[in-house]
Amino acid sequence: MNEDYLWDKSGQPDPEIQQLEEILGTLRYQPKQLVIPANLAVPRRRRYVPLLAIAATVLLALLAAGVWLRVRVGHKSQPQQANVTTSPKAVEEKTPSRDTVAEGSNPAPPAITIARNNKRRSSVSALKQREREEALAAKEQLLFALRLASEKLNLAQRKTQGTSPANQIKNQHRIG
Amino acid sequence: MNSLFQTNIKTPLLAVLLVFATALVARAQGSRIQMTSLDHLAAKASQSVDVTIDERLMKVAAKALSDHDADEREVKQLVAGIKGIYVKSFEFDADGQYSAADVEAIRAQLRGPGWSRLVSVVSKKEGNLEVYMLMEGEQIGGLAVISTNDKEFTVVNIVGPVDLEKLAKLEGQLGVPELGIETTKPKTKN
Numbered sequence: 001m002n003e004d005y006l007w008d009k010s011g012q013p014d015p016e017i018q019q020l021e022e023i024l025g026t027l028r029y030q031p032k033q034l035v036i037p038a039n040l041a042v043p044r045r046r047r048y049v050p051l052l053a054i055a056a057t058v059l060l061a062l063l064a065a066g067v068w069l070r071v072r073v074g075h076k077s078q079p080q081q082a083n084v085t086t087s088p089k090a091v092e093e094k095t096p097s098r099d100t101v102a103e104g105s106n107p108a109p110p111a112i113t114i115a116r117n118n119k120r121r122s123s124v125s126a127l128k129q130r131e132r133e134e135a136l137a138a139k140e141q142l143l144f145a146l147r148l149a150s151e152k153l154n155l156a157q158r159k160t161q162g163t164s165p166a167n168q169i170k171n172q173h174r175i176g
Numbered sequence: 001m002n003s004l005f006q007t008n009i010k011t012p013l014l015a016v017l018l019v020f021a022t023a024l025v026a027r028a029q030g031s032r033i034q035m036t037s038l039d040h041l042a043a044k045a046s047q048s049v050d051v052t053i054d055e056r057l058m059k060v061a062a063k064a065l066s067d068h069d070a071d072e073r074e075v076k077q078l079v080a081g082i083k084g085i086y087v088k089s090f091e092f093d094a095d096g097q098y099s100a101a102d103v104e105a106i107r108a109q110l111r112g113p114g115w116s117r118l119v120s121v122v123s124k125k126e127g128n129l130e131v132y133m134l135m136e137g138e139q140i141g142g143l144a145v146i147s148t149n150d151k152e153f154t155v156v157n158i159v160g161p162v163d164l165e166k167l168a169k170l171e172g173q174l175g176v177p178e179l180g181i182e183t184t185k186p187k188t189k190n
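The listed protein sequences derive, respectively, from chains G and U. Every letter in the first sequence is one number past the one before it in my numbering, and letter 73, counting from 1, is 73. Every letter in the second sequence is one number past the one before it in my numbering, and letter 162, counting from 1, is 162.
Chain G with its partners taken away, still in its complex shape (with noise of 0.2 Å):
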């Protein structure tokens, strides 16, 4: 057997290896064109996951935009309160010289008191229960606020009536 045909196809070739040449020749790779055939199903690509995607994620934001909304409203409505306070020892003497504040005979509580009635009520009957809750206690404030102001405008127009008889605010006068 000559092994130079199997290096590089000299000399006398074997007839067993040219049969089996023959039988694998068939096998050769014959370069073509590239047919696809027409009624080839070609699997399309599922476009709806991006668009899941997407919505998972606005709905995510928005979900968190609401969390961090109702946190930071409830921060912030919290120390928006008037404060009263009362030492322990006025407590104990219970001396409410304070007209305005403890309204009434009622000193115990150190809180503004203002009468309310249903009519007043009713008009803030349709906010939610947290904003009427907010809404009743400003307004609370507000009306002692201005009271007070009120009060203080009156004494002043009392003293200044008092000290001049033309019944007149004179002593206005420009600072700075």
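Think of the hints as simulated: they come from the structure by calculation, not from any bench.
Here are the computed distance ranges between Cβ atoms for each label pair:
| hint | chain 1 | residue 1 | chain 2 | residue 2 | range |
| --- | --- | --- | --- | --- | --- |
| 1 | U | A70 | G | I54 | 53 to 63 Å |
| 2 | G | W68 | U | A43 | 30 to 40 Å |
| 3 | U | Q77 | G | Q161 | 23 to 33 Å |
| 4 | G | I54 | U | A43 | 48 to 58 Å |
| 5 | G | L59 | U | S99 | 55 to 65 Å |
| 6 | G | A55 | U | A42 | 48 to 58 Å |
Since we're looking at a predicted model, the values are computed, not measured. Positions of the beta carbon are idealized from the N, C-alpha and C atoms, including for glycine.
Given the structure of chain G, go ahead and fit chain U onto it with the hints provided.
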């Protein structure tokens, strides 16, 4: 070149905007008095009142005021333009719990431009009372009241336009007995 042009334009524009914003804030806060210097008095006071109603709370409170009730309708009209009301009031068991510096800290702010002292009553027996107004043109832009006596120190600050006549009338309403004083419209001179 483009970047240089943008920088040259942006810098003055930002400066103008900053000045404009500062002016707006200053105008809005013009009649607001800083009262935090009085916070230390709360520890000495037998009773202290601290009311802080900013613009947001003013709107919230206005919602709770009924249009059907005459008194509340009047209050609603009164507070329509008001941007905030701030009160600090302290009552003490003993004399001399607050210092002249505490009062001066408030009074000094009211010497600023626009503020006018409307009333100043000095009484050794009944205490001192000062009423200040901030004038913005022909309109009242704010009000401040300082009331002091041996055992009490009260500061009231109203931010925004306020009708003094209507405010004075409020005392006789909302369950508070009137003092029986005739109200006269104050004439302001600047």
